[in-house]
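Can you build the whole structure from these sequences, using the hints too?
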Amino acid sequence: NAGVTQTPKFRILKIGQSMTLQCTQDMNHNYMYWYRQDPGMGLKLIYYSVGAGITDKGEVPNGYNVSRSTTEDFPLRLELAAPSQTSVYFCASRGTGGPGNTIYFGEGSWLTVV
Amino acid sequence: KQEVTQIPAALSVPEGENLVLNCSFTDSAIYNLQWFRQDPGKGLTSLLLIQSSQREQTSGRLNASLDKSSGRSTLYIAASQPGDSATYLCAVTSGNKLTFGGGTRVLVKP
Numbered sequence: 001n002a003g004v005t006q007t008p009k010f011r012i013l014k015i016g017q018s019m020t021l022q023c024t025q026d027m028n029h030n031y032m033y034w035y036r037q038d039p040g041m042g043l044k045l046i047y048y049s050v051g052a053g054i055t056d057k058g059e060v061p062n063g064y065n066v067s068r069s070t071t072e073d074f075p076l077r078l079e080l081a082a083p084s085q086t087s088v089y090f091c092a093s094r095g096t097g098g099p100g101n102t103i104y105f106g107e108g109s110w111l112t113v114v
Numbered sequence: 001k002q003e004v005t006q007i008p009a010a011l012s013v014p015e016g017e018n019l020v021l022n023c024s025f026t027d028s029a030i031y032n033l034q035w036f037r038q039d040p041g042k043g044l045t046s047l048l049l050i051q052s053s054q055r056e057q058t059s060g061r062l063n064a065s066l067d068k069s070s071g072r073s074t075l076y077i078a079a080s081q082p083g084d085s086a087t088y089l090c091a092v093t094s095g096n097k098l099t100f101g102g103g104t105r106v107l108v109k110p
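Protein chains in written order, with the numbering used here: chain A, 1 to 114; chain B, 1 to 110.
The hints are simulated quantities; they were obtained by calculation from the structure and are not laboratory data. Treat the hints with care, since some could be wrong.
A short, non-exhaustive set of chain A residues, derived as facing chain B with CB atoms under 10 Å [what the hints assert, rightly or not]: (1) 14; (2) 58; (3) 101.
Here are a few chain A residues that sit away from chain B, every Cβ distance over 12 Å (derived from the structure) [as the list claims (entries may be wrong)]: (4) 20; (5) 72; (6) 84.
Keep in mind that this is a model prediction, so the values were computed, not measured. Each residue gets a CB set at the ideal place from its N, CA and C atoms; glycine is no exception.
Given below as structure tokens:
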């Protein structure tokens, strides 16, 4: 059982480039989330999904896009990268009901925009 | 809008002392509250999950309490050790969203 898998772990982008952060979970969770964490700060919600085909904006969605074509996958797309998007990105998932509400995190993706 | 606050932002204690970490939230209509540990440069590790119907959860030296009416949760770590040094975050599930506090950075001095 792999849990939540994020790739890549590290990436350096040039200003204006685009890329996709991949997130896959194998726990059949309906809920999936993307957060960013700036140095010394808490986590801010970028986008979330309550199931395949359904996504919604979080606190800081500008500059990002997501899709949820399957239950397992929730990729995060960065368009026209800017230095302000330098951060650590975490993907998370959870199920529903009782202990199923436990949140599982990927190991993070460190992104630097130069 | 749910807001989650953790005070203090940083805490330093001598080894062996009990740790008390606080988490407060503004909207009491929550499904659950979860405590996490984050080591520098690492991801988040789940410590304890408290359902909204529960008052507390325990795991080893860790005990977390939940008081929905006052919008508070407290994480107790007994007999702290240097290996407990990390950032501790709480997260509240309300509606479809997970909202995190800013974390408390803990240093346990030998």
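Hint numbers contradicted by this structure: 1
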